[in-house]
Each structure stands twice: as C-alpha cells, then as structure tokens.
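Asks: Generate coordinates for the entire structure from the input sequences, incorporating the hints supplied.
Residue-level listing of the chains:
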Amino acid sequence: MSEVLNKVVDIVCDRLSANKDDVSPESSFVEDLGADSLDTVELVMAFEEEFEVEIPDDEAERITTIQSAVEWIEGNS
Amino acid sequence: MDKNRVLITGGSRGIGKGLCDAFLSDGYEVLATCRDASQMTSKDKNLIYESLDISNPVSLEEFKSVVDDFKPSVLINNAGITKDNLFLRMSDEEWTDVLNTNLTGTFRVTKLVAKLMLKAKWGRIINISSISGIMGNPGQTNYSASKAGMDGFTRSLAKELGARNITVNSISPGFIETDMTKGLIDESLIEKIPLGRAGQVSDIASIALFLASEKANYITGQTLVVDGGLFMK
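Listed in order, the protein sequences are those of chains A and B. Number 26 in numbering that gives the first Met the number 0 belongs to position 27 of the first sequence; there are no gaps in the numbering. Number 202 in numbering that gives the first Met the number 0 belongs to position 203 of the second sequence; there are no gaps in the numbering.
The set of hints was computed from the structure by calculation and includes no laboratory data. From a predicted model like this one, the values you see are computed outputs, not experimental measurements.
List of simulated lysine-lysine pairs, DSSO-like, C-alpha gap at most 27 angstroms: (1) B/K42 / B/K63; (2) B/K16 / B/K214; (3) B/K118 / A/K19; (4) B/K181 / B/K16; (5) A/K6 / B/K120; (6) B/K120 / A/K19; (7) A/K6 / B/K114; (8) A/K6 / B/K118.
Replies: Right, here's the structure in full:
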C-alpha cells in the first residue's frame, strides 16, 4: 500500500466513521460510505491539509472515491 | 475557536460604521473593509481597516490572505450600493452593477470565510439586507432584486451549513438615518412608521450583536425585519 493511499484511507475512515476493512480504493464517499455534501467538502479540505496541496473546486468535484483522491494527490505533489 | 473576531464589509460609514462601533464596544476584534482603507484611521488596536472592493475579483483574490490570517468567527455582509432609477429608464449598467456588488459580492466574500468556519465547526454569517427586498420600492428594481436575492441566499446557505453550527441570517433594515437614505426620510414616510421615527444605526447593530452571540444559537435562515413596524407581512 502506498503511503498516500494509506493516509487517504485513514482520513476517510476517520471522517466517515468507516472500518478500514470495509473500504477499497473504489469506495465512493457518497454511495458506499454515506457521506453527505458537507462531508465531501470537508474530506477535500482534510486532504489539502494533510498533503499540503490546494485542490481547485472544479477538480475537487471529481474526487469522489478513494482512488480518485490518491490519483489527484500523487499527480499533483 | 475564539468566537470574538468579526469581519464587516462596508465598515467605513452608515450601518457598517455602527456595526464596527458596537462590536468593538462588545470586546470583539474587528476587521472592517471599505473600498479605500487608506482614508481610514483607527485609534483602537482591535479595529483594523483593509481595502476591499467586493465587486472586483482581483481585490477579493488579494484579500484572501488577510481573511486566512484573521480567521473571523463572524461575517457581516454589509457592503452594498444603490443606483436607483425608474425601471423604464434603468440602464443595463445600473442593473448589473447593483446585482454584482450586492448579491455576487456577498457570495464571493462569504466563500472566502465559509471554509474557515467549516473547519472551526462554528460560525455566524449575517447578511444586511433591506425591507426593499421584501416589500419593493419604486426606483429600486435592481436594489430590491439584490436584497431579495440575498434573503434566498441566506436560506439556502443556512440549510447547507447548519450541520456544522454555522448560522446564516439576514437583517432587513427599514429606513435608517445614513448617507444612503439622505433626502428620502420625510414627514409622509414617518407617518407610515408605527414607531414614529426613522431608525438609527444602533438599532441595527444591536440585532447583529444578538445574532452573533450564543443567545441566537437556535436561529438560522431567518430574515429579521428591523423597521419600526413599517412593513408587516
């Protein structure tokens, strides 16, 4: 497991009260993990803080799964 | 989170100045904006002025770092303009300028602050609207539209951010004695006001203080009309 994936999973499980064993890279925040719209905004904010990046709003809208988050972060750090 | 830092747009005169005075007296740190802050001096270290033109995206972009440093717990969207004209004579520019400043400017300033409030899980957003938006006023199709728009914005935003303890309310002043209403307040108007007088800026500031306080923790998405009884639904 890459370090980025590890950290993203930690953040997601913490914020959405999910079990690490129940999530996979394809897990969708809204559909699989029960996030509401505020949760999705705050998740992106948490990624920004952890990885010290700034994710523009239009790109943030496309970060809907753990995998898409990892891909954005790895592609932009 | 420190709940005693307030950002007030349009703080150099009128209701904005009244808001600055009231919040300062109540122990807040105040960050006040106006289009040209170089004209403003403050004798109190808890009151600072910064230049901001809410209708100008470049000005807003430059202001972002100031907001990030100040971390306001309360935002008062007070800056606004009028460009009154009879509808049939109203130019496109008079329409768009007022909508752009009053409504879009409010949207943009609030965006700068909302993320900080989300992180802190606490916030108070107070939008200074107008009874013109509720009851209409000849010569103010643009202004009325912008203020009615502000009230709709208040309601939707309140629903979005409520889960994080951020309340969003509008205050709708009636006729308040300021530069904006100079020449508009006469005997025939006073006769229509049950409380028999025009309002003072302190009448509005005290309501803003209340909404920003813990006493108003269960009020959100509301438009509080403060007009001496001029307009009743």
